[in-house]
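Input sequences plus hints: build the corresponding full structure.
There are 2 protein chains.
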Amino acid sequence: MKVIVIGATGTLGKAVSNELAARHDVIEVGKHKGQYQVDLTNSESIKALFEKTGKVDAIIATTGKVHFGPLTEMTAEQFKIGLHDKLLGQIDLVLIGQHYLNAGGSITLTSGILTEQPIRLGVNATTANAALEGFVLAAAAEFSHGIRINIVSPTVLQESLKSYGSFFIGFEPVAASRAALAYSRSVDGIQTGQVYRVW
Amino acid sequence: MKVIVIGATGTLGKAVSNELAARHDVIEVGKHKGQYQVDLTNSESIKALFEKTGKVDAIIATTGKVHFGPLTEMTAEQFKIGLHDKLLGQIDLVLIGQHYLNAGGSITLTSGILTEQPIRLGVNATTANAALEGFVLAAAAEFSHGIRINIVSPTVLQESLKSYGSFFIGFEPVAASRAALAYSRSVDGIQTGQVYRVW
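Sequence lines, in order, name chains P and G. Here the working numbering is used: the first residue of the first sequence is 1, the next is one more, and so on. Here the working numbering is used: the first residue of the second sequence is 1, the next is one more, and so on.
Bear in mind the hints are in silico, worked out from the structure with no lab data behind them. Some hints could be false.
Copies of the same chain are indistinguishable here, so a pair counts whether it falls within one copy or spans any two.
As the list claims (entries may be wrong) - Mimicking EDC-like on lysine to aspartate or glutamate, the simulated pairs with C-alpha atoms at most 20 Å apart in a straight line are:
#1 K47 - E77
#2 K2 - E159
#3 K80 - D39
#4 K14 - E28
#5 K31 - E44
#6 K55 - E73
#7 K162 - E116
#8 K47 - E73
#9 K80 - E142
#10 K31 - E51
#11 K14 - E159
What follows is the structure, encoded as structure tokens:
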């Protein structure tokens with residue numbers, strides 16, 4: 001299978017690319033690095049990416065920015081960061097990418113444990129994650145022509161503890177390689193509309 | 001209690017205002033009608049509203065637009081309708097309104113059955129609703145100074161069947177007056193972080 005990984009240069013994306021490269025042709029896409037570049041907040045950039053890669057069998061996104069900050073001081077402009085980047089970025093990848101998927105292809109997005117387990121300063125992340133899981137539920141039901149769509153919800157990664165560990169006190173981290181298995185389950189499996197929790 | 005109902009001129013909002021007016025002072029707010037007007041997609045408009053009303057004990061939103069259309073033809077611009085109107089509109093009401101709530105005050109938002117039960121053409125609605133429920137989960141945990149926040153998820157209303165019935169074939173409708181009870185439970189009750197399903 002020809003698998004495109006958006007966010008392939010990040011901590012999680014690298015592990016996902018490694019995991020999938022054992023069986024598939026992986027196209028590694030980053031924002032500034034990788035084989036190709038894409039800006040998911042820009043529809044034209046997404047279209048240009050697929051025009052370069054041609055049709056694929058699986059689309060994976062392991063990327064997306066959210067805003068961390070106290071709810072009592074948050075503004076709508078700050079809130080838009082997660083809505084436009086992690087949320088709409090991944091959704092627009094689906095809206096455009098669906099037209100570049102081969103028959104029986106799959107899409108796998110990324111939410112995170114904060115959907116269900118909120119942390120201090122994380123309301124923007126929880127909101128974006130919950131929206132993505134809702135999107136996948138509805139999209140899986142509406143895709144009636146063989147396209148599957150799932151989402152992986154990892155907890156904090158062992159490799160990210162230096163950067164994010166202070167947000168996730170008491171959370172048991174997982175290795176990126178373990179989180180990556182869930183993407184294989186989505187790409188190589190038969191399910192659709194699933195949230196694969198890795199925690 | 002002084003209760004402000006945003007969307008009070010709509011089908012659900014009217015029933016909520018009636019239900020709450022039996023015990024509380026209700027300020028009815030619409031987009032074009034009502035005692036005051038507000039545009040929830042505009043932070044300045046929300047601030048101006050609260051400057052007029054002064055502090056309140058409960059904030060309720062029963063409003064929000066989403067885009068209905070086929071996923072296979074949807075664009076990011078169409079998807080933004082639900083994200084900016086129903087989703088960010090209600091969230092910005094919280095971000096600003098929290099500063100105009102009296103001690104022990106409450107906020108009650110509105111999602112809908114599509115969060116969990118998707119329908120054809122409804123992916124934008126499911127996404128916005130799921131995001132709002134996620135937001136309420138995280139916000140309730142982060143509000144540590146006595147502010148409560150809940151969300152009501154009604155199914156299709158009997159009064160709305162003429163407009164929306166064709167989207168909700170097989171769904172059992174409820175009277176707006178029954179859905180309105182859930183808002184009383186939120187305003188007059190003690191819970192926080194709850195999704196009150198009326199279906």
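Now for the hints, and whether the structure bears them out:
no. : hint        : in the structure
1   : K47 - E77   : between (27 Å within a copy, 15 Å between copies)
2   : K2 - E159   : neither (27 Å within a copy, 50 Å between copies)
3   : K80 - D39   : both (16 Å within a copy, 17 Å between copies)
4   : K14 - E28   : within (9 Å within a copy, 53 Å between copies)
5   : K31 - E44   : within (14 Å within a copy, 34 Å between copies)
6   : K55 - E73   : between (44 Å within a copy, 18 Å between copies)
7   : K162 - E116 : neither (23 Å within a copy, 36 Å between copies)
8   : K47 - E73   : between (37 Å within a copy, 14 Å between copies)
9   : K80 - E142  : between (27 Å within a copy, 19 Å between copies)
10  : K31 - E51   : within (17 Å within a copy, 43 Å between copies)
11  : K14 - E159  : within (11 Å within a copy, 52 Å between copies)
Hints 2, 7 from the earlier list are contradicted by this structure; the remaining hints agree with it.
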